[in-house]
Structure formats: C-alpha cells, structure tokens
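Take the two lone chains, each set in its own frame, and fit them into one complex as the hints suggest.
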Amino acid sequence: MSELEASLPASPLGTEHRRGSELEASLPTSPLGTEHRRESELEASLPTNPLGTEHRRGNATQVANAHLGTVELRIPSKPEWVAVARLTIAAIANRLPFSVEEIEDLKLAIAEACTNVIQSESGADSIEIVVETGSAELKIHVRDHGAIRVRQAVAAPLGGVPVEGGLGVFLIQALMDSVEQSANPESGNQLVMTKRVGS
Amino acid sequence: MDIKVNVRESGGDAYVVELGGEIDVYTSPKVKDAITELIDQGHYNLVINLERVRYIDSTGLGVLIGGLKRVREHGGSVNLVCTNPQIRKIFDITGLVKIFGIYDDEIGAQKALA
Numbered sequence: 001m002s003e004l005e006a007s008l009p010a011s012p013l014g015t016e017h018r019r020g021s022e023l024e025a026s027l028p029t030s031p032l033g034t035e036h037r038r039e040s041e042l043e044a045s046l047p048t049n050p051l052g053t054e055h056r057r058g059n060a061t062q063v064a065n066a067h068l069g070t071v072e073l074r075i076p077s078k079p080e081w082v083a084v085a086r087l088t089i090a091a092i093a094n095r096l097p098f099s100v101e102e103i104e105d106l107k108l109a110i111a112e113a114c115t116n117v118i119q120s121e122s123g124a125d126s127i128e129i130v131v132e133t134g135s136a137e138l139k140i141h142v143r144d145h146g147a148i149r150v151r152q153a154v155a156a157p158l159g160g161v162p163v164e165g166g167l168g169v170f171l172i173q174a175l176m177d178s179v180e181q182s183a184n185p186e187s188g189n190q191l192v193m194t195k196r197v198g199s
Numbered sequence: 001m002d003i004k005v006n007v008r009e010s011g012g013d014a015y016v017v018e019l020g021g022e023i024d025v026y027t028s029p030k031v032k033d034a035i036t037e038l039i040d041q042g043h044y045n046l047v048i049n050l051e052r053v054r055y056i057d058s059t060g061l062g063v064l065i066g067g068l069k070r071v072r073e074h075g076g077s078v079n080l081v082c083t084n085p086q087i088r089k090i091f092d093i094t095g096l097v098k099i100f101g102i103y104d105d106e107i108g109a110q111k112a113l114a
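Residue numbers (our numbering), protein chains in the order written: chain A, 1 to 199; chain B, 1 to 114.
Watch out, some of these pointers could steer you wrong.
Calculated lysine-lysine pairs in the DSS-like style (CA-CA distance at most 30 Å, straight line) [claimed, not checked]:
1) B/Lys98 / B/Lys30
2) A/Lys78 / B/Lys111
3) B/Lys69 / B/Lys111
4) B/Lys32 / B/Lys4
5) B/Lys98 / B/Lys69
6) B/Lys111 / B/Lys4
7) B/Lys89 / B/Lys4
8) A/Lys78 / B/Lys4
9) A/Lys139 / B/Lys111
10) B/Lys111 / B/Lys98
11) B/Lys30 / A/Lys78
12) B/Lys32 / A/Lys78
13) B/Lys30 / B/Lys111
14) B/Lys98 / B/Lys32
15) B/Lys4 / B/Lys98
16) A/Lys139 / A/Lys78
17) A/Lys78 / B/Lys89
18) B/Lys89 / B/Lys30
Just so you know, these hints were derived from the structure itself, not from any lab. Computed from a prediction, not measured in an experiment: that's the story for all the values here.
Next comes chain B alone, as it looks inside the complex (with noise of 0.2 Å):
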C-alpha cells in the first residue's frame, strides 16, 4: 500500500498536484495534507491527476470534496485528470462527475482553470 504526492507549479497561479498509488482511509491524510497547504498558501486553482492511482475510495473523494469546497470560498477550481475507467466509474456513481471538471489530460484540465 502506497501513495505518491508530487506538487508542482504549472504556469500562471495553478500548481498540479499528482498522485500515484492507493488512496484509502490509510493514505489519504497525506493527500489531505498535500491539497491542505496549497490552498494555505494561497493556490485556489488545482489539478490534481488521478492518472497513476490505482484505487480510491471515499475518503479519499472526500479529500477532494473538502479541497474543492476551500478553493471554491475563493473563486478557485480543481480539475481533475482521469482515465481510468474505474475510477470515473467511482465518479459517476456518486454523481461527483458534475462536480468536478474531469479531463483525460493535464492540458485540458489546465485550460479549463484559465
């Protein structure tokens, strides 16, 4: 069981955050931490790609959840990059896709930040 977390700079305002592994109720603090001090630090507009984790659970949609309600006190985003089938599954079912911008990759979910 692992999480990765990379946090970058993207160009303008929007930093990436990317993610690779498992996302359960085991890792998600530290994807929790990871989203919690961008925004402390003053970055409202996100994207966070999925496309390396492997699994994701609730706790880690709520993660998400909770860093799109902060960014969103601040006239931020998050976009989501996603490809894997199950995971847009977990999205779907739970109607989170209307939520979120979900993109297949960084250049999109990017763009639509701007």
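So that you can see chain A by itself, here it is in the shape it has in the complex (with noise of 0.2 Å):
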C-alpha cells in the first residue's frame, strides 16, 4: 500500500477496492441500506506529472512525493453525504503541516460548498470534488451540474439578526485564502477555494 492510500479515510463507510494505483472507496450497502457504489465513490489518482517531478508508480519515488497528488471525490448531492467530504478532506489535509485549527475550516468550507449546491435545489444529481494536493496548500475544486448560479456571500448585519440562510459562502470566503466561483453550461457551477499552511 502507498502512502498515498494508506493516508486516505480507511473505509469510512465501507469496503475499499484497489485498483493498479487508484483506490476506490465505494460507499456501499451499509449506511443507507442500498447500493451506493455506482453514485459515489473515491477516487485517489496519483497525477502523472503534478509539479514537474517524475512519478514511478509502486516505488519509493512515488510514496516521497504522495502528498503532491490529485484526489477526486464524488457524492450524491444529499445531505447525508456532506460528511464524507469532510472525512476525505480531513484525511487529506491530515498529510500537510495544516494545523488541527486549520483542518477544521477546511471541513467547514468543504460542507459548506456542498451544502450550497444541495440547498439550491439546481437538481444536480452528484456533486464532485476534486482536491489538488501541494506541499503547503490544497486547492479545492467543487463542482456540480445543476441550474446555473453563482451565491452571493451574506455577511452578517452590525445590527438586527440576520437572515437564516446565505451565510455558508460568507465562512468560506472568511476561512479561505483564496474563493472564486463561475458558473457556465459546459462546466456546470464551480467553486474553487485554496488553503495554504500556516494562513
């Protein structure tokens, strides 16, 4: 086992299916009592090429440079999911110098874009994740193919209490280092948000 798979979730719902270099963890009959392995799976890849540096997969070179891979995640766009982003982007963040602190908003910003995409009803069926691991920075891609939108942020008001939704793209853009949102009928919505260690 790399330590590349050895670092990803150990089954957090389920079975693992390895695969030449990629590892699937197939959400399978357990948490909801039905097959889930064609809606969602985990798939880690190690990138050919990410920053330049030669990748021989199964040897050494590969296990140094594990961290600086791409990790692509797909769930069902339902709130019983969210928490496997979160899980998965723990997992992953765990691998950086990332401060316990620092982990922490990540899991946050990740449910976060999740939750936007579920709650706006844009009738995606899935919702997909896709994490680009650097040595001191992870770049977040979340991705969905629903109705067209890009989310305004709502900060909080200084006065009154403010409104009950719209606050999620609000913390994400407060515990991010960097949020860009787009939205086109090719690519679906993307919201692509970077943490680097130490920020």
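Structure representation (structure tokens):
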C-alpha cells in the first residue's frame, strides 16, 4: 500500500477496492441500506506529473512525493453525504502540516460548498470534488451540473438578526485564502478555494 | 455522524436544549424540530447548550437564528453555552456574537435570561 493509499479514510463507510494505483472507497450497502457503489465513489489517483516531478508508481519515489497528487471524490447531492466530504478533506489535509484549526476550517469550507449545491435545489445529482494537493496548500474544486447559478455571500449584519441562510459562502471566504466561483452551461457550477499551510 | 438533542426544564419558564455531536445540513432539522416544538408550546426563554457540539455549519447557525427570531417576537431570548474555541470562532466570524448571548456555562446563560 502506498503512503497515499494509507492516508485516505480507512474505509469510512465501507470497503475498499484497489485497482492499480487507484483507490476507490465505495460507499456501499451499510449506511443507507442501499447499494451506492455506482453513485458515489472515492478515487484517489496519482497524477502523472503534478509539479514537474517524475512519478514512478509503486516505488519509493511515489511514496516520497505522494502528497503532491490529486484526489477526486464524487458524492450524491444529498445531506447525508456531506460528512463524507468532510472526512475526506480532513484525511487529505492531515498529510500536510496544517494545524488542527486549519483542518477544521477546511472541513467547514468544503461542507459549506457542498451544502450550497444541495440547498440550491438546482437538480444536480452529484457533487464532484477535486483536491489538488501541493506541498503547502490545498486547492479544492467543487463542481455540480445543476442549474447555473452563482451564490453571493451574505455577511452578518452589524445590527439586528441576520437572515437564516446565505452564511455559507461568507464563511468559505472568511476561512479560505482564495475563493472563486464560476458557472457556465458546459462545465457547470464550480467553486474553487485554496487554503495554504499557516495562513 | 450523529446529533443528540436533550430538552429539559431549568426553572422558571426557561428551558435548556442540550446538543451533542455534529450540526450540519443533515442533522440540523432535528435541532430545528426540538426548538420549534418548545416555542410552539409557549416557551420563549431558551438556553442552547453547545458544549458537546463538535461541529456546526451555516445550516446549524440558521436554525439558531430562526429560533432567536421566533422567541424575540414573543419577548423571549436565546442564550448559548459554548466554550469550544472552534465553534466560538464561527460565531465571531459571522458576527453572531453580537446577536446571541454566549456564556461559558449554563448558570450564567440562565441568569442572563432573567
């Protein structure tokens, strides 16, 4: 087992299937009582050349550079799956020298991004999460192919009681170092956020 | 992923809603139901104890804000008990520290309701 494989959630909700250098942790029969293997899958693939460094799969070079990779996760666009995104990002962030507080920030940010998709009721069936892992930062893409939208952040007002929704994007912007949103019919809705170690 | 909700009377007309676990888009409806039920029964002074909450996101904040709005309509109040620095940080970032009374223990939160 490579270091990358070992670092991923040790079958948080079920069994693991290894295929070559890919790790797929399917979300299977147990939590919701139905088969979810095709609906939700965790794929961690080592990119061929993430930062210009040669990757030789299955040898020491791969292990040494394992944190410089890309992890892809797709979850159903349903509330009960958001915790899986949180667990995954925590496992990935643990590979970098993030503080406990920074990891909590990442967990909240990715959960808010997923929650935005779910609550938008845009018709998206699933949420795609791509995590680019650098040596000192994580760049997280959250995509869906529901109705096109860009959600604006709603800051808490200085006086009075704030609105009950809309704080999600505000929190993401507060906790992450950079946040970009885009939407077009071809690529769908995308939120890209970056968190640097020690920021 | 779990959420525990325990409601108890705390003297006077105040009630304590003790929460434990994670409050997110999946679990927050259970919290909302508990708070709504108390308000529907005419209890407008609430202490919500977050001491055993490990995680809260914007949907959880939304539930607390919704509860506060409803009790204020009846002259009531919601005070929170929270010492977890990560949870308090979220209230700080969102400015909700200015909206809710946040206390280190239930006794302080209950006294402030009076």
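Hint-by-hint comparison with the structure:
| no. | hint | verdict |
| --- | --- | --- |
| 1 | B/Lys98 / B/Lys30 | holds, 25 Å |
| 2 | A/Lys78 / B/Lys111 | violated, 40 Å |
| 3 | B/Lys69 / B/Lys111 | holds, 21 Å |
| 4 | B/Lys32 / B/Lys4 | holds, 12 Å |
| 5 | B/Lys98 / B/Lys69 | holds, 14 Å |
| 6 | B/Lys111 / B/Lys4 | holds, 25 Å |
| 7 | B/Lys89 / B/Lys4 | holds, 22 Å |
| 8 | A/Lys78 / B/Lys4 | holds, 21 Å |
| 9 | A/Lys139 / B/Lys111 | violated, 46 Å |
| 10 | B/Lys111 / B/Lys98 | holds, 18 Å |
| 11 | B/Lys30 / A/Lys78 | holds, 16 Å |
| 12 | B/Lys32 / A/Lys78 | holds, 18 Å |
| 13 | B/Lys30 / B/Lys111 | holds, 27 Å |
| 14 | B/Lys98 / B/Lys32 | holds, 21 Å |
| 15 | B/Lys4 / B/Lys98 | holds, 27 Å |
| 16 | A/Lys139 / A/Lys78 | holds, 23 Å |
| 17 | A/Lys78 / B/Lys89 | holds, 27 Å |
| 18 | B/Lys89 / B/Lys30 | holds, 23 Å |
Of the numbered hints listed earlier, those contradicted by the structure are 2 and 9.
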